[in-house]
Every structure is written in C-alpha cells, then in structure tokens.
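J.: The chain contents come next:
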Amino acid sequence: MKQAQSQTRGALDRRALICLVLGLLVLAVGIAAALSHSAQRRTGTNGVWPQLAAGELAAGQRACQDGELLPAGTAQAQFVVQPLQAVGPRVTVTLSRQGRALARASALVAARNGTTLRVPLRPLTQDVDDVTVCLTPPHVVGWRSSAVRRHPGPGR
Amino acid sequence: MALVGGPTPPGTGSLTIAGQQTGASLSIGYMAAGASSWWRHASTVVDRMALGRGDWGGRWLVWLAGLLLLTSLVLVGGVLVRGVIAQAPEASDEAADAAASASGEGSWRARLRRVPALAWAIAAVAVCNAAAWSILTPAFQVPDEQTHVAYAQQIAETGRPPIARRGDEQLAPELLGAMARTRFGTLDARTYGAAVWSPLQQRLLDAELHAGLAHRSPNNTAGPAAPEPPTYYALEAIPYRVAGGATLLDRIALMRLLSALMAGVTALFVFLFVRECLPGRPWAWTVGALGAALSPVLGFVSGGVNPDALLFPICAALFYALAVAFRRGLTTHRAAWIGGILALGLIGKINFYGLAPGALLALALAARTSAGGLNMRAARLVGIAVVIAVAPFLLLTMLDALAWDRAFVLAHTPAERPEDHGNLGGQLSYLWQVFLPRLPGQSTAFPEFYPGYQLWLKGFVGKFGWTVVGFAEWAYRLGALLLGAVVVLAGSVLIRERAALRQRRWEFLGYAAMTGGLLLLIGMVALRGFAPGIAGAVQGRYLLPLLALFAALLALAARGAGARWGRTVGVALVLVCVGWSLFGQLLTIAWFYG
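Going down the list, the sequences are from chains V and H. For the first sequence, my numbering assigns the number 1 to the initial residue and increments by one for each residue that follows. For the second sequence, my numbering assigns the number 157 to the initial residue and increments by one for each residue that follows.
Next comes chain V alone, as it looks inside the complex:
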C-alpha cells in the first residue's frame, strides 16, 4: 500500500520536502545573521594593496602622499605600519589641500594593535579630493628601524 502510494505521480518525498523547508530557513537565518554583523565600515580607500615596505620613517622625518580623496563622513584614517618596538612613536598626521590644513591628529603606534595605525579625524560633510596626507614622528631618540617583513601579495 505504502509502496503504491509512494509511486503515485506527484507524491512528495516528505523527508526531502522538510529538508528543503528547513534548509531554506537555515539559509535565511544565516544570511540575516551575517548581515546583522556590526562593524566599523569603510568610507573609502586609496586602493593601494599593502604588499611591500613603502619606506622607513626615521625620527624627525616627514612622509607625505598627495592625490588622496578624503571621503565624507570619515572619522578615522587607517595606515598599515610595521611597529619595531612595543610602544611608540606617537605619529602626527596632517591632512591638507592646496596648503590649507583640513585636519590634524596624532596616534600612538603600539605593537599590541597589530599593523594598523588608527588616526581619529573630524568627519567632513562632502568628499574632498587632491588631499595631501603627511605623517610625522617626533624628534625622539629611542626607536629604531630594522629589516621589514614583506607582506604577502595575491597571486595572479
């Protein structure tokens, strides 16, 4: 009888049907959970893939990069650095456009924070292009430079 029923045209395999319904539910919940994940969001990036040592910044030197686009709503700039000591130095970051300062802030490089140097900024209401970003460590003796580990880049 059961066999006859299962062979009726259009009869549904109940287990498979339940699996489909439950599976879709699990998927929906999983996607909802993933989309509910809360984190700090990017307002922009300059698109440079961190893969090599761009340079070493000695005490008192100034590192500058122009042509940056500072997106509206940016509350923090993040740089990839390689700390060479547990704490320090404190780096001053200035953002300027055509010689006019847009923002100035400082942050402490600390090995415990990994390779990211986070510098707080006051958010602007609109995008500003052609911004020059400068980093200046203080004239302090006591932090050193050494060989830089190469960051792995992606393959082709």
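You may find that some hints are simply not true.
Far from chain H, some chain V residues (derived; all Cβ distances over 12 Å) [claimed, not checked]:
hint, residue
1, Gly99
2, Arg100
3, Ala101
4, Arg104
5, Arg112
Which residues of chain V face chain H? A partial, calculated answer using Cβ under 10 Å [what the hints assert, rightly or not]:
hint, residue
6, Leu17
7, Cys19
8, Ser36
9, Ser38
10, Leu52
11, Val81
12, Thr132
To be clear, the hints were calculated from the coordinates, so they are not data collected in a lab. Remember, predicted model here, so these are calculated numbers, not experimental data. We put the beta carbon where it would ideally sit given N, CA and C, even for glycine.
Following the hints, complete the assembly by docking chain H onto the known chain V.
T.: Relative to the frame of chain V, chain H by itself:
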C-alpha cells in the same frame, strides 16, 4: 617604524619621505564613526555599486542583480520540488531513461526538443547566477580580464588577433584610461580592491570614457593573453561591436553577459552528461547538475570576460559526447561530433590541450568497444574525429604564421625563468607536491604551505576577485569536510555497484586520463614557470573543465545515501551549494563595496 604600501595606482599620489620619492604608495583606509550592521550600511553599498560603470550604470543594476538572484532561487526551488522531491512512478523514471537514450537520435531540433524542461531550468539558474556575478564584480576584477578585453577589442577593431610581444605591450588608450579611472590600475600594477565610490571619481571616469581615446593598441598587442587562440575573443567581439557606440565599460558589461550565457550551456551539458553517465535515478541528475550550476567559481568566472567561460561548456560537451559514445556506441556521426568539440577546444583555450590526449584515448576506447576490437572500423572512427579536430587547429596555426605574424601558440616563452627543480626526480617530486602531500624522502617544494589545500581546495570552494576575496578559514575547512563526505558517499555507490563499474572500466579510464592530463598540464605550467609563481599557475577555476565529473560525484553521493534518504541528502547538497553561492556573492559585495 616602517610604512607598508604597494605599487602606486593611477590617480593616487606616491609616497615621499624627507622629500625623496619612494616609488610606492601608502595604503590608507578611511573609516566611518562607530559600528553599524550591513542592514544600516545597505543604502551606501547600493550607491557604491551603482558607480564605476559606463552610461548604463546606476542603482537599477543593483536591483537587476537582486532580481536575477531571486529568479535563480525560485528556479532552484521549483527544480528541486519537481525533479527531486516529487516522486515519479518507476514507469516515469524508465520513460526518462528511455528519453535520455533517444535524445541522441534524430535532427538537432528533435534532440533539443527532447532536452527536459528541468535541464533548461538548471541552465537558466547558471545564467542568472553568472549574470548577477557580472554585475556584482567591478570591471577588470576577474582574473586577467583586462588582457582578455584587450584581445577581444583588438579583434573587434582590427579583425585580427594580437601579437604576443612580452615586455612591449601597449594596450589601447581607451582601455588604459578605463583601467586607470575605475581605479583598477595598469596591466601589471593592480589594486585588487579599489572601486569607484565617490561621485568625484565617477565624474573623472565619465570624462575619460567620453574623451574619444583611441580604441586600438598602437602595436597590436594585448598583454599576457595574446598567445591564446582567438575563438572566444572573436565571439566576444560580437557584443563589443553591437554596443559599438557605448562606452567601453558598457561594452564590457555586454561581453560579460555573453560569458554568462556560456555558463548556461555548461550547466545544460553537465545535466546531459550526468543523465547519460548515471542512468537509473533521474532525480540524481538534477542534484548533480544543480550543484554544478550553483558553483560560485563557475558564476564568478563566467560573469567576466575570460576564455574559461567558453572552455567550460566545451569540456562539459566533450564529457557528454564521450558518455554517449560509450553508452550507445560510437557511430560515424558521433565520431564527427566528438571531433567537432575537440576542434573547438583546441582553438578555444590552451588549457584544453591538457584534456585532449585523454579524450583521444577515451575516443579510441569507445571506438574499440563499438567496433568489437582494434580493427579498421575503430581506426576509421578515430580517424574521422582526429581529422575534424585537427583541421581548424592547423588552419589557425597557418594563419598565425603566414597572415598574422603570430608565433605558434605553444612557442611563447615562460613569464619567468623556469625555477630550478633539479633533475627529473626533483621535477617529479615538485609535480607531486603541486597536488598531493609530500612523501617521506621528498625534498620540500613548498615550505610555507600545501598547494592541495591552500590553492586547489580553497580555489575550488571559492576565491574571488584576483584570488584575494575568500571565505573565513573555517568555511574552507567545512568545505573540505563536506567534500570528503561527498567522496565517501559516492565511493560507497561505486563499491556497491562494482560489477557495473567493471563493465564500464574503459569509460572511467578515459575520464581518468582526461583528468590526469589536465592536472599534468597545470603542474607543468607551474613547473616550467609559464605563469608567475605557483599561485598564478594553480587556481581553482582551472578545475572547472572537470565540472561534469563534479556533478556526477554529487549525483553519486546522493544515491549513496540510499533509497530512503537519497533525495533528502540530494536536497541538502543543493542547498549547501545555494548557500555557497550566495555567501560568495555577499563576500564579493563586502570586499568591493563594503
């Protein structure tokens, strides 16, 4: 303190330290205040996705991508209910098998009419997914897309393929401008992650796209893709020409859609292969083909301008044609058909050369079985296929040498100096370790990682963009576990039905030879340095010519769960593939626009 950065992308300034140029740029990320969920961030993401495109861009594209994904989901649900969950009476299963047997007979129109609706629906799933991927992925962020666009542009603009001239490649100014203003980079210095997020950047991009820059390469070059055969690019020249008045990015969008259609053809042939190869359980055909159609790597690669998009359907068609030859006998007509597919493959993409020797062996074995031994009839059948297969290849080689001033396709020099892997033993050891764990006594070819897991498995499960967008580590481990379970379940069927397997041993030997040949080719590419580094030579997408076998594996695994649980396991496998695909797309969105 060391500052970390990379090559300077176009439009970004370079770093100076104490007034001295460093020749590189700092990597800078700009962050919003506080934390927010993706739900709250969604509107911003949609705004960003609308940018970085040509005149056809806008928010409507995001809605279109959503609609395509929704259509795909609805189709998957419908196919599962109709093809797997609905229990057809045994008589109906037999009818499906009979229809499969008859599908190779009659005219092309009659054969197309006999392709079941489920197969078309599965093909539509693959097309929808690939089309959605084509919208989600920014221009040039599919591996090597810039050089493939350059190749197609060269054919469309000049009517001839490019010259392989390594070190002196000059792309069309229009293409270079688009690459720079989409913030992709240049031919060799790429950004991997940048997309156009600001209206200021979009304005610069629009100006560049409408600047009337030249469409032709000054010296008929197209970058590293130049040695490839021209078939795929000639096809892509059609949408390029159709949208001739549109901006380059709009032309690329249309070219990507043609690739997406090819994903549908792949899925269709995969279904037909599984049906032919594993007769008896029609519901399992659906499981295998749907799983393959939902593969995110298939969607991602076929959502870009990349000759792999053509290679995949050619390989799936070849597996299908060989399965037909083994199951129903090799006739003159079928030999000619296999020859035609081989011909298309040989002028389709160089990677196909890896499959060709195994396919010829399979063809010979099928001919031997059909002709009752190695006799004149078998030789004639193989001869027909070989002549048809080789003729277009020879013609193309002649055109390369005599008309287009191109070197023979295999004669191009390696991208890098071949690494020294010692004597033959050392080279074999290297090849072994490209795929399998190192054996005791072997020197370590890859001290830092195991390519079998890091490159093959992760690449197959999903690495997007220029292989930089990936799942979390636990997801790959879960993927490895699930793949292991699939292999065990499929293996149990093969053991249970070993008598049937023995009868079909020549067929499986043919498929194994094709697989081995492809893997050997990839291993040789890595060994000889034809691609920059092991990560360039070994990518998950290079396994997708074997997608038909993966589908058969999924179908076998579902069958391996037994009559009681088989359909349930089949549904679960397909749903895993749905999640696999959707999360791959979400990851890509988060990477490029989040």
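J.: Check each numbered hint against the structure and report the violated ones by number, ascending.
T.: none
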